[in-house]
Amino acid sequence: MKILACYSIKGGVGKTASAVNIAYWAAKSGRKTLLLDLDPQGASSFYFRIKSSPKKNWGGRFFKAYGQILKQIKESDYDNLDVIPGHLSFRNFDILLQQIGRRKNRLRQVLKGLKKEYDLVILDCPPSISQLAENIFTAADLVLVPVVPTTLSERTFDQLTKFFKHEDYNRKKLVPFFTMVDGRKQLHQQTAISMRKRYKRFLRNAIPYSTDVEKMGIHRTPIDIFARGKRANKAYLALWMEIDRVMKDS
Amino acid sequence: MLETAPQACYRLHNEIPIQELSEIIPKSYALHMVTGIQKNLTLLDNFDWDILQSGLLLILEDKDKLQLLDANDGLLASCYLHGESRFWWQLPVGDLADKIEELSPIRAFVSKYSCQLKTDHFNILNLDEKIVVRMELSTVIGSDDQKSYFLKLFPLRGYQKNYAQISKCFAAIYSEELPDMSLLNLLLQSGLGVNFPERKPIFKLAATEPVEAAISRMAVKLIQLAQGQEQGIIDDVDTEFVHQYRVNIRKTRSLISLFKKSFSSEHYQLFKTELKTIGSQSNDLRDLDVFLMDQDYYRSMLPENLWPGLDQIFRRIKRRRVVALKKVVNFLTGAAYQEQISHLLLTLQQPPEFVTKQSGLEIRQLAAKKILAQYQQIHADGVAIDATTPDQAIHDLRIECKKLRYLLELFAELFLVAEVKQLVKLLKVLQDNLGHFNDFSVQREFLVHFGQGKNLSADQLASINGLAAVLFNKQVNERNHVAENIALFVDKSIRNHFNHLFKTNPKKGLDI
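These protein sequences, in sequence, are chains Z and S.
Throughout the first sequence, residue numbering follows my numbering, covering 1 to 250 in sequence.
Throughout the second sequence, residue numbering follows my numbering, covering 1 to 512 in sequence.
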């Protein structure tokens with residue numbers, strides 16, 4: 001079982017759209033996939049029309065046992081794809097992790113039991129650099145980082161790589177890719193060129209800026225369901241195929 | 001570990017329109033039809049149902065797609081058919097052909113049941129338009145236009161409450177809850193009849209049953225088993241029908257002959273003559289079948305330059321087989337045979353005459369005595385065989401061994417079956433050796449005889465001579481093992497085993 005995290009310090013960069021579409025294509029290519037929505041906002045669960053648990057504080061038991069997680073798994077409308085929906089109580093994860101001793105491998109331990117059922121677990125992560133984020137960096141085999149080719153996004157990615165270096169995380173886990181790319185904008189072009197020069201692990205495939213990605217909120221499905229022939233959809237498929245190759249090499 | 005409930009499968013009373021289905025589920029759900037498929041299916045298997053008996057299904061879909069499925073409808077192998085495909089070797093080279101070779105190496109697969117299968121898939125959505133239950137509605141239309149309806153609900157993980165709520169609503173419309181909706185179950189529910197033929201006949205003999213009654217009953221059953229093969233011979237489905245027909249007639253002959261003192265001489269003569277006539281009708285056909293079945297083997301024994309001659313021989317033999325088959329079919333469908341077989345069965349089914357001393361004895365006692373006597377006969381004949389013994393003695397020993405084999409197999413149910421099986425296994429080693437010796441001899445004679453025919457080309461003669469030489473060498477090789485195999489079979493431990501298993505009460509002093 002491989003664990004992929006869709007992570008960025010910055011919000012609004014297309015993390016959730018990427019997690020949803022990558023999970024969809026992984027499942028469609030035959031991987032038994034679980035999307036774990038760690039974001040208390042539960043946006044990726046919303047895209048799959050899956051409601052979070054009515055139990056108020058189930059997040060409080062999240063790190064206690066793998067059995068707790070199993071109870072929350074929901075089958076999506078798509079073959080091979082299950083989802084653990086996000087929950088408001090997940091906002092307390094940092095406090096919980098502190099209470100149980102600041103161990104960075106707690107998430108990895110909890111997810112370990114899922115290997116009997118899944119080939120791939122995709123984590124849709126909240127935008128913060130916190131105790132939970134450090135657990136994510138330890139648990140994930142690859143940390144996929146969506147980057148909008150703008151100055152601010154470049155800066156946050158630089159911060160993330162520095163953090164990895166400083167905290168001695170394996171920087172090879174960091175796999176950035178561009179999202180919301182507008183080829184007509186000179187700034188996007190220049191930023192992309194300069195970042196690709198500095199960071200060799202950037203994926204070749206990028207996600208273009210597209211209203212189809214925004215329309216996911218209306219359709220509440222992965223893009224392939226309502227915009228099969230469109231550029232954004234093709235881009236996500238190509239991105240997944242490239243991630244799959246990187247996973248095999250890692 | 002999984003949080004899903006088991007799937008629920010139902011047989012429905014009758015057809016339910018989609019509109020009605022929508023009304024069955026609670027109003028907070030919506031029913032959406034996704035796809036509907038329709039296909040024509042034919043279940044194929046051989047006479048013995050060897051494929052189904054292995055837990056697998058061979059399905060022909062829409063006349064050209066052949067699929068091998070496991071019990072859960074998992075696809076194991078498939079191929080598209082071109083032309084006649086009744087045997088594994090007629091299938092395109094590949095996985096499916098290999099698997100069918102294992103399951104049915106000799107026998108043809110034929111249609112056992114045909115139907116049309118219509119399957120409609122539905123999703124049941126909640127108010128968020130999320131799928132919470134999946135549903136499958138199947139209609140099987142048999143060849144007699146009889147329709148059967150089935151419904152299956154698939155729970156989705158994490159939506160057990162919705163599933164429980166929805167499945168409860170269907171309770172009123174189904175007639176029967178089914179353990180599963182596998183294709184096999186659908187076919188069985190829709191009229192597929194499966195009767196596995198008995199591999200070995202069981203006669204339900206009672207130890208004290210009078211010999212004449214028991215042997216007559218056994219003979220009737222064996223003749224009826226032979227009759228069960230007749231249609232397969234007439235339709236020329238595969239060569240096993242002739243083989244099994246002959247085996248059953250031969251067993252009957254052997255049984256009657258071994259227990260001849262149980263019948264009046266008038267009856268015995270009748271059985272003997274009639275069975276001999278019946279059995280001999282298919283001698284030529286079987287010889288030709290055996291030769292044709294071993295084509296590849298014969299080819300492997302000859303150098304490549306002799307293959308063209310061999311191919312010509314096989315073509316001639318195939319033509320001969322057509323004639324031989326016609327002769328057998330004419331015989332089996334003729335009034336004389338029908339008369340003969342009915343007369344035989346009627347005579348055997350008459351109440352026992354009890355005119356001989358042996359006829360009223362207990363079958364177990366006499367069968368045990370016969371088995372022991374037969375073993376002792378083999379022992380006596382066998383130890384006299386050495387390198388200089390004429391071949392005829394080996395052939396005679398083969399016949400005696402065959403009689404012992406029939407006795408052991410036919411009467412096993414009266415003794416300790418597992419121990420009898422063990423003895424049969426030991427006997428089989430000797431029988432295989434003697435059988436090969438006989439086969440090589442018969443095949444060589446067949447070829448020599450064939451070689452004396454008219455219009456044979458030089459190629460054909462060269463192949464015949466080459467093959468005859470190889471067969472002779474093989475026969476000599478088998479001959480060299482006969483003495484050692486006899487010695488093994490008459491070894492003291494096996495002798496003791498026979499004596500122990502088939503010892504009889506000496507006070508009864510049976511005259512056999």
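Hints may be right or wrong, so weigh each one.
To be verified - Cut-off 30 angstroms, straight-line C-alpha distance, at most; resulting in silico cross-link-like pairs (DSS-like, lysine-lysine):
#, chain 1, residue 1, chain 2, residue 2
1, Z, Lys173, Z, Lys28
2, S, Lys130, Z, Lys51
3, S, Lys428, Z, Lys28
4, S, Lys204, S, Lys428
5, Z, Lys234, S, Lys204
6, Z, Lys71, S, Lys492
7, S, Lys152, S, Lys272
8, S, Lys63, Z, Lys51
9, Z, Lys51, S, Lys428
What the hints assert, rightly or not - Chain S stretches covered by chain Z per the calculated footprint, using a threshold of three residues with CB under 8 angstroms from any CB of chain Z:
#, stretch
10, 124–130
11, 362–368
Unchecked claim - Listed next, with one range per pair, are the computed distances between beta-carbon atoms:
#, chain 1, residue 1, chain 2, residue 2, range
12, Z, His166, S, Arg157, 40 to 46 angstroms
13, Z, Lys234, S, His13, 38 to 44 angstroms
14, Z, Lys234, S, Asp70, 55 to 61 angstroms
15, Z, Thr151, S, Ser22, 53 to 59 angstroms
16, S, Pro17, Z, Ser29, 34 to 40 angstroms
17, Z, Arg204, S, Asn40, 46 to 52 angstroms
18, S, Asp128, Z, Gly67, 22 to 28 angstroms
Since the hints were made in silico from the structure, they are not lab data.
Even glycine gets a Cβ: it sits at the ideal position worked out from N, Cα and C.
CB of arginine 204/Z to CB of asparagine 40/S, is that within 46 to 52 angstroms?
holds (48 angstroms)
Checking one constraint from the list: CA of lysine 173/Z to CA of lysine 28/Z, max 30 angstroms. Satisfied?
holds (24 angstroms)
So if I understand the rule, the pair passes when the alpha-carbon distance is 30 angstroms or less; does lysine 51/Z with lysine 428/S pass?
Given pair lysine 51/Z, lysine 428/S is violated - Cα atoms ~69 angstroms apart, limit 30 angstroms.
How does the Cβ-Cβ distance of lysine 234/Z and aspartate 70/S compare with 55 to 61 angstroms: does it lie in that range?
About 37 angstroms separates the Cβ atoms of lysine 234/Z and aspartate 70/S, which means 55 to 61 angstroms is violated.
Hinted pair lysine 152/S and lysine 272/S, Cα distance within 30 angstroms
Cα-Cα ~60 angstroms, so violated.
Given a hint of 22 to 28 angstroms, does the C-beta separation of aspartate 128/S and glycine 67/Z actually sit inside it?
holds (27 angstroms)
Range hint compliance [Cβ, lysine 234/Z to histidine 13/S, 38 to 44 angstroms]
violated (49 angstroms)
Below or equal to 30 angstroms on CA atoms is what counts here, so check lysine 204/S against lysine 428/S.
OK: lysine 204/S and lysine 428/S at ~25 angstroms, within 30 angstroms.
Hinted pair, alpha-carbon criterion (30 angstroms max): lysine 234/Z, lysine 204/S. Please report holds or violated.
Judged against 30 angstroms, a Cα distance of about 71 angstroms means the pair is violated.
Does the structure keep lysine 428/S and lysine 28/Z at a Cα separation of 30 angstroms or less?
The given pair, whose Cα atoms are some 56 angstroms apart, is violated under the 30 angstroms limit.
For the stretch 362–368 of chain S, do three or more residues have a beta carbon lying closer than 8 angstroms to a beta carbon of chain Z?
violated (count 0)
For proline 17/S and serine 29/Z, compare the CB-CB distance with the range 34 to 40 angstroms and indicate the outcome.
holds (38 angstroms)
Figure legend: structure checked against the earlier numbered hints; hints not met, in rising order: 3, 5, 6, 7, 8, 9, 11, 13, 14.
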